[in-house]
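Starting from the structure of chain A, add chain B where the hints point.
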Amino acid sequence: MLELLLAAGPLAPALVGAALLAWPLVGLPWEERHERGVARAAALALLVTVAADAAWVALTLGGGPTTHTFGRWLDLPRVAWALSADLPLAAVALVLALASVGAVRFALTYMHREARFAKFLGGLLLFAGAMQLLVLGASPALTFLGWEVAGGCSALLIAYRTERPAAVAGGLRALITNRVGDAAFLLALGLWAADRGSLDWAEAASVAREAPAVPFLLVVAAAAKSAQLPFTPWIARAMEGPTPSSTLFYGAAMVHAGLVLLLRAEPMLALSAGAAATAAGLGLLTAALAGLSALAQPDVKGGLVQATVAQVGLGFVGVALGLPGWAALHLCAHALVRGIQFLLSPSFLTDLAGDRNTPVPAWLAARGGWQRAARERFYLEALHEAAIAAPLRQLAAGLAHLDDRVVERLSGQPGGACAQPADPDTGAAVDGRGFAVASTVRVAAAVEVIEELLVGRFIGEGLPRGTGRVGATLDGLERRLAQPWVIAVVVAIGIGLAFGSTP
Amino acid sequence: MAHAPHSHAGPAADPRAALGAAIAHIGHLLPAQAPIRDFVHHNTLHADQHRGFDEAIAHACARTGAAGYLPEAAFRERRAAGRIRAQDLRTALDERHGAGLDDVLLTIGGLPVTRRSVWMAQLEADLSEISRARLDHERRHGEAFCTFAPGVTAADAARLGDPASALPALWEAVRGVLGLPAPDDAADEAASAEGAPSPQARAAAVLADVWAEVEAGGTWRDLLLRLTGEDLDDQTTGPLIRALSAFLDAGLAPWAPPERGDGFWAAWRRAAEADRAWSWAALGSDGPRIAALPADPLDALVLLLDAMGVPEDQREPALERTALRLPGWAGMAFWRGTHPTDDAQGAAPVDLAAFLAARFALEKVHGDALCLRIFGVPLHLGELARALQQRAPVAALRVQLHAGLLDADLGAAARAALAAGDDAACAAVWESVCARAPAARADTPRAEREGWSLYLLCQLLGLPAADVSAAGPSAAQALLAAMAAFPALARQRVWQDALEAGLREQVLDALTARRAAGLWTRSARPSAQIAFCMDDREEGIRRHLEAHHPHVETFGVAGFFGVPMHFTGLDDRRSFPLCPIVVRPSNAVREVPRPGAEAAAAAHAAGEARVAAWKRWRMGLQRSVLSGALALDAVGLGIAVPFALRLAAPRLHRRAAEALRAAVVPAAPTALAVTAAPDDTAPASPDAPRRGFAEGEQVDRVAGLLRNMGLVTDFARLVVLMGHGSISQNNPHLAAYDCGACSGRHGGPNARAFAAMANRPAVRAGLAARGIAIPDDTHFLGAEHNTCDEAIDWYDLDLLPASHRAEHAALLAALDDARAHSAHERCRKLFHAPPAPTPQRALRHVEARSLDVSQPRPELGHATNAVAIVGRRALTRGLFLDRRAFLVSYDPGVDPDGRVLEGILAAVGPVGAGINLEYYFSTVENERWGCGSKVPHNLVGLVGVMEGSESDLRTGLPRQMIEVHEPVRLLLVVEATPDTLLGIASRQPGVLELVAGAWVQLISLDPATGALARFRPGIGFVPVDPDPTRVPQRATSAEWYAGTMDFVPPALLTPDAGVTHA
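Protein chains in written order, with the working numbering: chain A, 1 to 503; chain B, 1 to 1062.
The shape of chain A in the complex, shown without the other chains:
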C-alpha cells in the first residue's frame, strides 16, 4: 500500500496532465463545463502527491535516507525504477507539491474561459509530476527524465499564447538555453555510466573520485536550469506565460531544479573543490548581478524573477559551502514566498504602502550608469547574441552549405534551382532517387488525403494556419537542435553509454 502511494506521488498528476494535453487528439470539442471535471481530477491527483510526500517526510524523519525500488528499467547501464530521499529532499518534495496545489487551485479560477484551458492545466499538472520525479528519483537517469519533461512543459507554457511572437520566441529561447544544461547532464550521465556501469545517486561519492568531470558537468546543468550566470537571460523572457505558470515554474518550482540537482550531487561537491568553487562563484555572481537588476526593473514580474534568480544563487553558495540543510530550508521558504508573490503580482498597486515603493539608498540611487546596466540586466542578452548565437549561426550556415553540396547529392534529394515540382497524387513525376524521397512523397500524399477529409470538412481554415505556425516553430526548433554542437554532444554521449555498458 505504501509502495503504491509512493509510486503514485509523481505519477498521478503526470498522468492527469498528459491526458489533458492529449485532449485535442481525442477530437471532442472542449466545453466550459469540463473545467469542473478537470478541477476534481487535479485535486485528487495532487492530494495523492501531497500524501505521498508527507509519507516520505515521515519515513525520513526518524532514520536516514530511504529508498524504495519498484522495478528494473535498464540493464545497460543498470537503472532501477526507484525513488529515494533524505529528510531535506522529502521536505523539498512536499513543499513543491504544496506550491503546485496553490498554483493549480489559482489557475482553475484564473484561466476560466481561456481557449487553451486544458493545455494550460495539463502543462501545470504534468510539470508537477515531473518535478516530483526530479526530486525523488533515486537514479540520475530518473532525475534526468523529470528534468526533461519539466523543461518541455516550461517551454510549452511560456509559449502559451502562440499568437504572440514574443511568447513563442521566449519559449524557444528557454528551450535552447536549457539544451546546453541538458547536454552537460547527459554527458555526465554517460561518463557516470562508463565509470560505474550503473546510475544511482547512492554512489555519487565514488563517481566524483573516479570521474572528476561529472560534478563539473552537473554544476553546468544546474546553472542552466536555475538561470544562473552565464545562462540568466532566458528567464527574463519566460515571463510571457500567464501568471499561474510564471508562479509555479519561475517562482516556486522549476527555477529550483538546479538547486535540487546540487543537493543530490552534494556528496560529489564535497569531494570536488573545483566544482564546489564553480557553483559558489556562479551563485555569488548571480546573486549580486540579478539582485541589482531586480531593483531596477520597472515591471512587477520582471523584478520578481530577477530577485528569484538571485535567491537561488544564494542557495548554490550554500550547497557549495557544505550547508545542504540550510540550502534546502532556504529553497522551501523561498519557493513558497516567491510563489505567493507571483500569484499576488497583480495586487502590487494595493500592496504599496503609500504612493510608491521604498527607494534604494541614496548612494546607489544616484549611480545612473549602474542603474541603466541593472535595468538592461547587464547587457547579458546582447552579450549572448554576440558571443554565442551569432558565431553558432555562422557555423551552422557553413555546415548547411556543406550539406547542400555533399550530403544532398549523396542522399539523392532533389535540389538545385528550378527543379520540376513533384506530383503528390502519383509520385511518379518526382525526379529523385532513394528511399528517403520516395517514402516522403508517400507520406505527404497520405497526409494530404487526411487533410482534405478532416481539416477541410470539419475544422475550416483555422487549423492549417495554426499548424503552419506550429510548423514554422518546429522548423526553427529543428534547425537549432540540428546545430553541430548538439549533434556532437549527443554522439559523445552515445559513445560514452556504449563504453559504459561494456562489463
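If you are wondering where the hints come from, they were derived from the structure by calculation, not from laboratory data. All figures in this text were calculated on a predicted structure; none of them were measured in a lab. Hints may contain errors.
Unchecked claim - Coverage of chain A stretches by chain B, computed from C-beta distances (three or more under 8 Å per stretch; other residues unrestricted):
1) 298-305
2) 354-361
Said to hold, decoys possible - Derived CB-CB ranges, DEER-like:
3) A:Val26 x B:Pro71: 21 to 31 Å
4) A:Pro165 x B:Arg651: 42 to 52 Å
5) A:Val26 x B:Leu645: 32 to 42 Å
6) A:Val26 x B:Gly142: 22 to 32 Å
C-beta: ideal position from N, C-alpha, C; glycine also.
For chain B alone, coordinates are given in the frame of chain A:
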C-alpha cells in the same frame, strides 16, 4: 552617414512648427487613458466624436485597421440565437436604405429580383470570397455542392430541385455566365499567359504595388519587412519600451533612473551614448551619432525626417503611423505631456515629441544598418527607391520570397541566389517565377470570388441553373453589382441597427406596459428614502428592495451627489477629485478626527504607521537579496499559512485579518470638515479650492441635488445617500469597477459629506427659505454600497438620533434582504457560483468571490449596460430591467422650464455614454480597443499593464470584463417633450454632439401622455408605436431570470397578479 542639409529657416513654412502642430493633432488619436490608478471610462473614439458614430468608426478603421463593429459572424450568431430577429433586420435596412430598396433590378426566370432580396441574402448568409484551396476542397469532397447553403428557405429549395443534381448544374451555369475557365483546364493558365508582361516589367509592377501600399498606410518598417523579411520593430521597440517604462515609472521599481528632471529625450540620448548594448550589436559608432542630435526633440525630428528623405506632405502621416505602432506607450507619453501638474510628470517630464524623436532615431540607426547591408544605401526613401529600381528583379524576388509566394524549390533557389549576391542568378530565378505563375489580372472574375458569391446568391434567391444560364452574363453582372453596392461596412451598420432595434422595442414596450398597468404613487410617508447611484449595477438591488419592502422609496442620481470635491481621507497622503471627470472641484474636504478624539486619532495614526512599516518590509522582501534571504529563512514558511487560508477560506481569512487590524490600528471617530471657516469669503475656484463649503454653497449643493431627483416634499424620517465602490483582489483594473461619476473612485465620502451638510440646521433654514421644507424629524445618512460583495458601510451612525434607531434597524433588515436577492440575481451569470443557490448562499458566494485572489471576474462591472432612463422612478418601479439600465431620478413636475433637466443631461450624458462606448469598443475588437485577456498582464511603472515581459501598454477593458457584454449604443429615454429636449440640445453642445452624432439613441417620453418619440439624426423626432401586450408579466424577478445565463427581456413584475405572458 551624411545627414541631409537642415533647412531650419527656409522661406517656406517653418518645418519645426509644422511638426509641432502635427504632433499635437496625432496625440488626440491615441488612447487617452490616464495611469491605471485613475482609470475613468470614456468614449474610445473621443478624438472623432464630432464626426458622428458611423463616420468616426470609418475614420478610425482607416487609420488603425481595427474594427468598429462586431464581425458579421458574431452578428449572425446572434441572429441564429434569436437576439436579432428578421423584422429587426428589415427595419434597419429600411431606415438606412429605404429609397429604391424594392426596385426590381432584373427578372430572372419570371422571378423579380429586388435590391432588398439581394441585400437580405448578403445579411443572412456569408457570401464573401473563399480561398482557392477551400473551393478546390469543396468541389472535390465538400458539402457545398451536394446540400443547399445555410439560409436557403424551403420554398427556394423546392424551386431549385434535388440538390445533388441542381447544385453542380448551378455551378456550371454560374461559370458559364461569368466566363470562368474550367478548373482542370490547363488552358486556364496558358491562356492568361498570352500577352503577359516581361519579367522586367512585372518586377517593376511588383515594386510599384509594394510602394503604393506602403504609401497608402504603412511606415518604412512595413516597407523593409516586405523587402527584406526582417522586422525593424524587433530591434527598435524593445529598447524603447525598456527606456520609456523605466523613465515613466512613478514608483514601482525601488531604483529609478536618476537625472530624469531634464526630460525623456535628454535622458534617452545620454543613455544611448553610454549604452554598451549598442556597441555589442555591432553599431559601435551610433552612440555618439545619437548624442549629436539636437537637444530639442522637434529639431531632432526635423533632422531625422530630412535624413530619411520623407517629403513634407508625408511627414504627418509618417509620424501618425509610427505613433500608432505603439499606441499605448505613445498615448501615455502624450497624456503625461498634456498633464503638467501630474506629480510624476514634474519629476520626469516626457511628451509625445520626445517619444517620437527617440523612436525615429532608433529606426534611423537600425534601418541604416539593415539597408546598407542589403541594398548598399542608407535608410533614405529616395535613395532606396533608386537602388530598388536599378535591380528591380532582385527586389521583386525578395518581395515574393518574403511574402511566402514562391514554391519550395523556387524559394530555395531564390534564397541561394540572394545569399550569394548574384544578380544574374536572381534574374534567372525571377524569370522562372514569372514563367511558372503568370500574373493574374485583378479585373477578371475568379471562381473563388465572383463565382462563389454568385453561386451562393443564386441559391438564396432560389434561381435554378437553367434560369441563370438563360439570363446570361449581363444579369450576372447586375447581380454582382448589386452585391458590391452593399459592402461589409454597410452591412455591419445595418446589423448594428438591427441589434439595437430589438432591445429598443422591448424596453419601450415595457415602459408603456408599466404605464398602462398604473404608475406607483407615494401614497403615505415612506419609511425611508434611499438615493442610489444611477449606476446600472444598482438597478437590481433597488428592484429587490422595493419589491420586498414597498414602503421604501429609491432614487437614482449621479453618485457624487452633486458634491464635487477634492477629498483627503484620514489615512490618505494626497487628495483625489471625487466628481465626474469633466468637473474641476472648487472645494476641498478633509476627513478629520472628531473633536475630543485626538488621543484615539493619535493611536490610530501610530497603528497606521506600523501597518505601513510592515507593508514596506513585506515589499522589501520582494526584491532585496541579503535582507530578503534572512527574512525568508526566518519566517518564510510561516507566510504560507495565512495565504493558504486566504485561498481556501477567504471569508475566514478576512475576519482574522480584520480582527488583527483592529488590534493594531484602533479606530478613531472622524468627521468630514465640510464647513469652511466663516472668514473664508473669497470666491472659490478650481485653481484655488476652498477648504470646505461656505454656508451658501452648502445650501446650493443640497437644494440642487434634491431638485434634481425631484425630492422636495414628503421627506421620510430617514433619507440615505448610498454611494458605491467595488472592492476586489489582485485586480489592477480596480478603478474601472468603481463609480464613474467619482472619476473611478468610491462615492461614499460624497454621500457622507452630503448627509453632514443636509443635517445642519443652518442649511435646513437656507433650504426652507428656498421652498424646500425638510421636517425636523428627517435625518440624512451617508452610506456606501460595495457592488462586488454587496456589503454596505454606514457613516456617522453614532450621530443618528436615538429616536431613529428602530427605523434604521428595520431598514438594515430590509437591505439585508435586498442584498441577498441582488447577489442571487448576479450569481446566475457567474460560472463559479453554486448552481441554484438560496439568496443567503448567493450572498456568501459573492462575498467569497470579492476576496478570491484568483478571480479575474470579481463582478461583471457595467458589462450589462444598455439603457439610461431619466425620469420619475415610478416609470420603472416594478419593471425587471436585468441590471441593464442607468436610472436617473428626475421629476418634470418640479422643472417646468427644463433647466434642471439640462443640468442632468449635461452631466449624465457624457458619463453614461462614456461608460457605454468604452464597453462597446472594448467588446467589438478587444485586442485593439481593449487590453486583451488579463491572464498575461504584467503591471509596469504604476502606469498600466503590459503583456508578458515587454509589450505595448495595453489600454481599454480586459476581455474578462466585456465577454458577456452586448455592444449596443445607449438607449437614452428622457421624460420630457421633444420640444424641451430640442431646446436643451441647442444650448448644450456636448449633448447635441452625442445625440446628433448617433452616439446615443434618444427617446422622448411625454410626461403627460406617455407618448414615445425617437430622435433620428437628420430627421428629428418620430413617433414610436409600442405594443404593451407583448411584455411578459411575472410575480418575481427570480421567476423570470431563472435558468439562463443570457440576457432576458424586460418584464412587468406584478406580485399579486398571476403569471400571464402574451
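Evaluation of the provided hints:
Coverage of the region 298-305 of chain A by chain B holds in this model, with 7 residues showing a Cβ closer than 8 Å to a Cβ of that chain against a need of three. Here the region 354-361 of chain A counts 7 residues with a CB under 8 Å from a CB of chain B, which clears the bar of 3, and the coverage holds. Checked against the hint of 21 to 31 Å, the pair Val26 of chain A and Pro71 of chain B passes, with Cβ atoms roughly 29 Å apart. For the hinted restraint 42 to 52 Å between Pro165 of chain A and Arg651 of chain B, the CB-CB distance of approximately 43 Å keeps it satisfied.
Distance hint check for Val26 of chain A and Leu645 of chain B: the Cβ-Cβ separation is about 38 Å, which falls inside the suggested range of 32 to 42 Å. Between Val26 of chain A and Gly142 of chain B the C-beta distance comes to about 25 Å, which sits within the given range of 22 to 32 Å.
In this structure, none of the earlier numbered hints is contradicted; all agree with it.
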